[in-house]
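Trainee: Sequences listed follow chains A and B, in order.
The numbering of the first sequence is the numbering used here, which starts it at 204 and goes up by one.
The numbering of the second sequence is the numbering used here, which starts it at 7 and goes up by one.
Calculated from the structure, these hints are not laboratory results.
It is possible that part of the hints are untrue.
Listed next, the in silico DSS-like pairs over lysine-lysine satisfying Cα-Cα at most 30 Å (straight line) [claimed, not checked]:
| hint | chain 1 | residue 1 | chain 2 | residue 2 |
| --- | --- | --- | --- | --- |
| 1 | A | K288 | B | K212 |
| 2 | A | K288 | B | K220 |
| 3 | B | K212 | B | K198 |
| 4 | B | K352 | B | K250 |
| 5 | A | K277 | B | K494 |
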Amino acid sequence: MGAYLIQRFLLLIPTFIGVTIISFLIMRLAPGDPAELRAGGGLRGAGESGISTEKRGAVDQAVAQWRAQYGLDKPLPIQYAIWMKNLFTLNFGESYKDNQPVVDKIRERLPVTVKLNVLSIFLVYLVAIPLGIYSATHSYSIGDQVTTLFAFVLFALPVVWLGTMAIVFLCGGDFFFLFPPGGLTSIDYSSDWPLWQRLTDQSWHLFLPVLMLSYAGFAGLSRYMRSGMLEQLRLDFVQTARSKGLPERVVIYKHVLRNSLIPMVTILAGILPGLIGGSVIVETIFSIPGLGQLGYEAVLARDFPVVMALFTVSALLTLLGILLSDLLLAVVDPRIAFGRRN
Amino acid sequence: MRQRGSLLAVMLCVVFAAVLPERSGGQARPAPVTGDWLLAHILSDPEQLNPLTSNDAGSSAILGYIVQSLLTRDPRSLELKPLLAEARPVISADKLTYTFKIRRDAHFQDGRKLTGEDVLFSIKAIKCPLVNAPFARVYYESVTDAQLVDEYTIRFNIKEPYFLNETMLGGIDVLPRHYYDPQNLLKDVTVKDLNGDPAKLADNVKRFADHFNKGYSRNPMGSGPYKFQAWKTGQEVELVRDPKYWGIGKPEVDQAYLDRHKYRVINNVDAALTSLKSGALDTMNLQPLQHMQQTGTDRFKQDFDKHEYFSPNYTYLGWNNDHPIFRDKRVRKAMTYLANRKQMVKTILFNLGQVIDGPIYFHRPEYDKTLASIPYDPKKALELLSEAGWKDTDSDGVLDKIVDGKKIPFRFEIKFNSGNATRKSVALTMQDELKKHGIAVTVRELDWTVFLSDVKERKFDAMILGWQMSVTEPDAYQVWHSTQAANKGSNHIAYKNSRVDKILEDYRREFDAKKRVELYREFQKILHDEQPYTFLFTPKSISAVSRRFRGVEVLPIGGLRPLDWWVPAGAQKYSSKSTSN
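Construct all of the structure, not just a fragment, from the sequences and the given hints.
Mentor: This is the structure in structure tokens:
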């Protein structure tokens, strides 16, 4: 197993370098110049209300200075080499926007995004697994069809629309005021509040975003669960179990469920990179200062160091996730072997 | 420098409120009281809060409460008046030396006195070529030197006479030297040195610039009425009223009443409107559709007032004046006759705007009211076109003409930046209208930076862009002088007129305001006749403001001024004592 691990690990390196080269190229080949965008008054300013007549004269000079400062006047391969060199010292560079280290920016936003995504993943599994079990054990019944239909309707609803509807109708506009329309805490939130009050306030703010992040996941995962179980139910050992007189509950939960959880393990590993990404839309709708928002704004402003850092971290997490799922799979299913056997 | 808050947001006399007694005869006008908070909406975090290196409107608006300058403008008359200076500067006869006397009673938010040393430091910081403030620096290019005459007097030397020099020098953000340069690294450097070769600068200057560029992005400090309190990324920026503000009780200085300003980041305009309705915001700018459809209920009117005002900018259709078709001013004029601008304001801007016919803001004295607006008149346009020789000789449905010995059809392309719905609608409206008259237009949407580089390299037939208009004395040199047509200058359309060149040059050297007005009236007449652009419209903004605020007033030049706002004691919603952090 040791040799297998090392082999797998070494394979990660060229893959990782390939990913960074492609990300770097895509980012740079897309039109857009961060210096020019900044000169235009930043992201929102991009020509929206016109450029200041007086300022326009200064633009070219400013742009040239910024380009030199950002190192954008060098050829692409050299820029990449510099970036890679810095990466080895774990230096992701500084944001073009405010000269702050990218690492600090990520660190500042990481907890919110992880909290949001962990809660959402938890919720998805909590709902989808029982739903899948129910659908499989009652396959083609009315109940199965209704839950399946419902899950797929949710799946088809765009989060942009549903999120906006939720805000307009549930968050204190002209209709109900059940939830806050965004943000993480109340206006008068204070760290002096007792723990329960702080927790309640935070949960109240997180409820809608977590729900919006999760609902589309119910359909996919419950389907995996359902088909996994149905596949197992068809196998001979289930028949054996039933014929030796085991109660149906034991057959389902002890024999079938365990075996059909194997695909779930694989999917779980794929979730790792999703912990830090995947919530761009929800974060934007609900004004949550997470990594998704950071990445989105960085892409719009062509803040290359920030974008590359996020790319790199999610690439690393994806690779680790794949590695982890391979290992986990071998753990849960002894039939899967490590490498070649002598 | 930047026409930041110094002009719109901050400062200046609220004489009516501060001076009037509580009751004068039968007319009661309550005196403003302090207290309560303002929760304002911002769409995204400010870029950064370093007064010199930031370059976005969001940062400027916030910094305008924190940092002050030597002079400021009266928000209503727009007259220059002293703020940190004792009076307006003494200008030498040759207009090359400006001497400012600094107030002796001003101090920074940490209690340290504000002296000439801080002003001198501020100009050095701007002039330092290693400081990441190219925009600010360009305005001060003509400052050749600056010296302290005594502790409270500073003298600036200028390269050439220019009537806006006083505004420029008076607009220097005065930064506390002891805070932004604690080691006094710029002590032995002069402005003259900083104007020289950057490579020869001392090591100290490099150390200062590095520290200054990185260390002050999120912790501004100045002498203004509000102190920076906190910035929670992606959530809010918070300012608190400085109870020790040097200007408190001084009638010539604007007072602040609200205890806190919280700028809440809400990325989504729908969520922002819901927040406003639920009380989580006190004021926001409304989108036209929100204004028309979502804010008309009685409940909304009970809680909020809506204020309409012009945003000083305009959108135009720029014709490439070098283009074989648009070289002819009759053709450009015909295009303006074919632009149904009133209809555009009605349908594209939902009537929230006004048609304009020149580059000068219509609230300025320089604006020429006598020029008649060019109406939508296809007949007149067709006359002009046929006069210019455009006819459909080959009956292919498109006008044509022999230009430079070659027959060319009247086909052209309008470029604009993607994501701007207003400009797109303008382009499509024009395309539709011109098609009826035998002119084939293609419409091309480009990414902002690609579009901008095409514009600068003059790779366009026609394009749609906007300019901000100056609410103070305008200077149109950068956009209309023929020298600015070369080297990617701002005269993108290559407009060249020797009389206009002369006017623009004389205007800059003219210190008599009346004569400047005359010069610019003539300039507008020439532009009106030549139609280098088809000037389109100036849009209006709408702000909703909670009705518990008093002193909310639209300024004559447009815009609101939250510094003047206050809340009667009985109506106050937030109290600073309730949260003690």
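Trainee: Against each hint, give a clear statement of whether it holds in the structure.
Mentor: Quick rundown of the hints versus the structure:
Between the alpha carbons of K288(A) and K212(B) the distance comes to roughly 24 Å, so the proposed pair stays at or under 30 Å and holds. At roughly 22 Å between alpha-carbon atoms, K288(A) and K220(B) fall within 30 Å of each other, so this suggested pair holds. The suggested pairing of K212(B) with K198(B) holds, with an alpha-carbon distance near 16 Å, which does not exceed 30 Å. Our distance criterion of 30 Å between C-alpha atoms is broken by K352(B) and K250(B), whose separation comes to about 50 Å.
Straight-line distance between C-alpha atoms of K277(A) and K494(B) comes to about 22 Å, which keeps the hinted pair within the 30 Å bound.
In summary, the structure is inconsistent with hint 4 from the numbered list given earlier, while agreeing with all the others.
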